[in-house]
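Please arrange chain Z on chain U, whose structure you already have, making use of the hints.
Here the protein sequences come in this chain order: U and Z. Position in the first sequence (first residue = 1) + 359 = the numbering used here. Position in the second sequence (first residue = 1) + 102 = the numbering used here.
Fair warning: there could be bad hints in the mix.
Claimed, not checked - Keeping only pairs whose Cα atoms sit at most 20 Å apart, straight-line, the calculated SDA-like set for lysine to any residue is:
id, chain 1, residue 1, chain 2, residue 2
1, U, K393, Z, F144
2, U, K393, Z, E164
3, U, K399, Z, E168
4, U, K393, Z, W254
5, U, K399, U, R388
6, Z, K151, Z, K172
7, Z, K151, U, D403
8, U, K400, Z, W159
9, U, K504, U, D491
10, U, K399, Z, S161
11, U, K400, Z, N152
12, U, K480, U, S460
13, Z, K184, Z, I234
14, U, K444, U, A455
15, U, K393, Z, L154
16, U, K393, Z, L143
17, U, K393, Z, Q109
18, Z, K184, Z, L201
19, U, K414, U, D403
20, Z, K114, U, V377
21, Z, K151, U, K478
22, U, K399, Z, Q160
23, U, K504, U, T519
24, Z, K184, U, Y426
25, Z, K184, Z, H239
26, U, K393, U, I405
27, U, K414, U, Y426
28, U, K393, Z, S161
29, U, K400, Z, A153
30, U, K393, Z, K184
31, Z, K172, Z, F186
32, Z, K291, Z, Q109
33, Z, K184, U, K444
34, U, K478, U, D468
35, Z, K114, U, D396
36, Z, K151, U, K466
To be clear, the hints were calculated from the coordinates, so they are not data collected in a lab.
Here are the chains, one letter per residue:
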Amino acid sequence: MPQLDIAVFAPQIFWLAVVFAVLYIFMSRSAAPKIADVLKKRQDTISDDLAEAEKLQASAEEARLAYEKSQEDARNNAAALVLKKREELKAEAETAYQKLSEELAAKADEAQAKIDAAKQKALAEVRDVATDVCSDIVSQISGLKLDSKVVSEAVDSKMTKGES
Amino acid sequence: MASPLDQFTVIKWADIEVAGYDISFTNSSAAMVASVALVALFVTMGMRKNALVPGRWQSSVEMCYEFVAKMLGDTAGPDGRKYFPFIFSLFMFVLFANLIGMLPWLHPFTFTSHIAVTFAMAAFVFVGVTLIGFITHGFKFLGFFVPHGAPWYLLLILVPIEIISYLSRPISLSVRLFANMVAGHTMLKVFGGFVVSLSALGAAGVVGAFFPLAFIVALTGLELLVACLQAYVFAMLTCLYLNDALHMH
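Next comes chain U alone, as it looks inside the complex (with noise of 0.2 Å):
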């Protein structure tokens, strides 16, 4: 077995102690320094980002409660509008119906009037042919010239017990 050679141990030790020495003070000085100043970096980057989208997300959730409030108010606000405008137009719309019923009542009465005036003459005149017709019927039936005062008491007295 080649390995068990004792002459050629001393060469390899010093060789490996030599290379080895050598890589010893390019990682200590050198490399690792440099990757693990890397990973730093890369670590400070990835916390930094994550502490400003944090910051950034807070704000964002600001804005949207904000608008939300607005909203909010804005809806209130619409519905308050529109409940005073339904009572204004209700007010509204009834003095208007209060108006024309009023004034239609009124026109109902003077038309009333009119009829009861135009009746009451429409009576006068009945009676007044009444009783000429019964002076007529009268005085051809049997000559009598009666008084008329007479007659139209009698058609009264008539027309009264007819009426009732």
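Positioned in the frame of chain U, the structure of chain Z alone reads:
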């Protein structure tokens, strides 16, 4: 036919001798240099943009970094953080050494299959964590060998056992990596030898050679897993030993 163990032979590329010590540059040294160079290249090129959003390459480097950092943090806690460059170097060094050893065509040398190398690393770790233990806790660190709540007569047996198990740590740590790499590479070579010798037997042999060939393909996948796993285990156990030294029990 070449022995399956020939792949572990150290070949001198340049004879160097300093003060009577042989420090020749060998294929093993070349593999070590290549391993470090590739680790450095992998890390440097991966991190050259220092991008906030990493590309694939940078992601791989960061993944290795975070993997080792997590392993160290989970086992040794925050106190172990200053040893991170060492653990990271160790993990990447062993990982790249094992993976370079898995490259075909180039016949690269797998220096983690040499007990001298793995034991040198394990011994360094062992001596290092023992020193850290004594520096952190002073002589109280010797209390590490005394299990809590055991009656005194049991301590007579338990303390030697604890000491032996502590002293055997560098052996188990080095032999685990060494044996895994040797076994895997030897097995690949043995089955590769089957393919060659079966093919020499004519048409039937060539057909039959597909069975060991298929086995080699599967085994290569397994060895890639072992390469990563053993680098992980080596670094992980180093973290555990470090934790023992920093926090005792």
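Status of the hints after comparison with the structure:
1. Note on U:K393 and Z:F144: the hinted pairing holds, with a Cα-Cα distance of about 14 Å set against a maximum of 20 Å.
2. Taking the CA atoms of U:K393 and Z:E164, the gap is near 11 Å; set against the 20 Å cutoff, the hint holds.
3. Taken as a hint, the U:K399 and Z:E168 pair is honoured in the structure, with Cα atoms around 12 Å apart against an allowance of 20 Å.
4. With a CA separation close to 52 Å, the supplied pair U:K393 and Z:W254 exceeds the 20 Å bound.
5. Taking the CA atoms of U:K399 and U:R388, the gap is about 17 Å. The hint holds against a cut of 20 Å.
6. For the hint pairing Z:K151 with Z:K172, the CA-to-CA distance comes to about 24 Å; that exceeds 20 Å, so the pair is violated.
7. Restraint check for Z:K151 and U:D403: the C-alpha separation of about 18 Å stays at or below 20 Å, so the hint holds.
8. Taking the CA atoms of U:K400 and Z:W159, the gap is about 18 Å. The hint holds against a cut of 20 Å.
9. Pair hint U:K504 plus U:D491 holds up; C-alpha atoms about 12 Å apart against a cutoff of 20 Å.
10. For the hint linking U:K399 to Z:S161, the alpha-carbon distance of about 14 Å falls within 20 Å, and the restraint holds.
11. Taking the CA atoms of U:K400 and Z:N152, the gap is near 10 Å; set against the 20 Å cutoff, the hint holds.
12. At most 20 Å may separate the alpha-carbon atoms for a hinted pair to count; U:K480 and U:S460 exceed this at roughly 30 Å.
13. A C-alpha spacing of about 12 Å is found between Z:K184 and Z:I234, which places the hinted pair at or below 20 Å, so the restraint holds.
14. Restraint check for U:K444 and U:A455: the C-alpha separation of about 16 Å stays at or below 20 Å, so the hint holds.
15. Our distance criterion of 20 Å between C-alpha atoms is met by U:K393 and Z:L154, whose separation comes to about 13 Å.
16. For the proposed pair U:K393 and Z:L143, the alpha carbon gap of about 14 Å is at most 20 Å, so the pair holds.
17. For the proposed pair U:K393 and Z:Q109, the alpha carbon gap of about 38 Å is over 20 Å, so the pair is violated.
18. Of the supplied pair hints, the one linking Z:K184 and Z:L201 is violated, its CA atoms being roughly 27 Å apart against a limit of 20 Å.
19. Under the criterion of a C-alpha separation no larger than 20 Å, the hint pairing U:K414 with U:D403 is consistent with the structure, at around 16 Å.
20. Among the hinted pairs, Z:K114 with U:V377 is consistent with the structure: their alpha-carbon atoms are about 17 Å apart, no more than 20 Å.
21. A threshold of 20 Å between alpha carbons decides the hint, and for Z:K151 with U:K478 the separation of about 120 Å lies outside it, so the pair is violated.
22. Distance check on the hinted pair: U:K399 and Z:Q160 sit about 15 Å apart at the alpha-carbon level, within 20 Å; holds.
23. For a cut-off of 20 Å, the pair hint linking U:K504 to U:T519 is broken: about 25 Å separates their Cα positions.
24. Under the criterion of a C-alpha separation no larger than 20 Å, the hint pairing Z:K184 with U:Y426 is inconsistent with the structure, at around 55 Å.
25. Using a Cα cut-off of 20 Å, the hinted pair Z:K184 and Z:H239 holds, with the two alpha carbons roughly 17 Å apart.
26. Taken as a hint, the U:K393 and U:I405 pair is honoured in the structure, with Cα atoms around 18 Å apart against an allowance of 20 Å.
27. Of the supplied pair hints, the one linking U:K414 and U:Y426 holds, its CA atoms being roughly 18 Å apart against a limit of 20 Å.
28. Distance hint between U:K393 and Z:S161 is fulfilled; the C-alpha atoms sit about 14 Å from each other, no more than 20 Å.
29. In summary, the hint linking U:K400 to Z:A153 is supported, as the alpha carbons are separated by about 10 Å, within the 20 Å threshold.
30. Distance hint between U:K393 and Z:K184 is fulfilled; the C-alpha atoms sit about 15 Å from each other, no more than 20 Å.
31. Pair hint Z:K172 plus Z:F186 holds up; C-alpha atoms about 10 Å apart against a cutoff of 20 Å.
32. At roughly 9 Å between alpha-carbon atoms, Z:K291 and Z:Q109 fall within 20 Å of each other, so this suggested pair holds.
33. Simply put, Z:K184 and U:K444 have alpha-carbon atoms about 81 Å apart, too far for the 20 Å limit, and the pair is violated.
34. Annotation: proposed proximity of U:K478 to U:D468 holds, straight-line Cα distance about 15 Å (limit 20 Å).
35. Under the criterion of a C-alpha separation no larger than 20 Å, the hint pairing Z:K114 with U:D396 is inconsistent with the structure, at around 42 Å.
36. This hinted pair does not check out: Z:K151 and U:K466 have alpha carbons roughly 103 Å apart, beyond 20 Å.
Checked against the numbered hints above, the structure breaks hints 4, 6, 12, 17, 18, 21, 23, 24, 33, 35, 36 and satisfies the rest.
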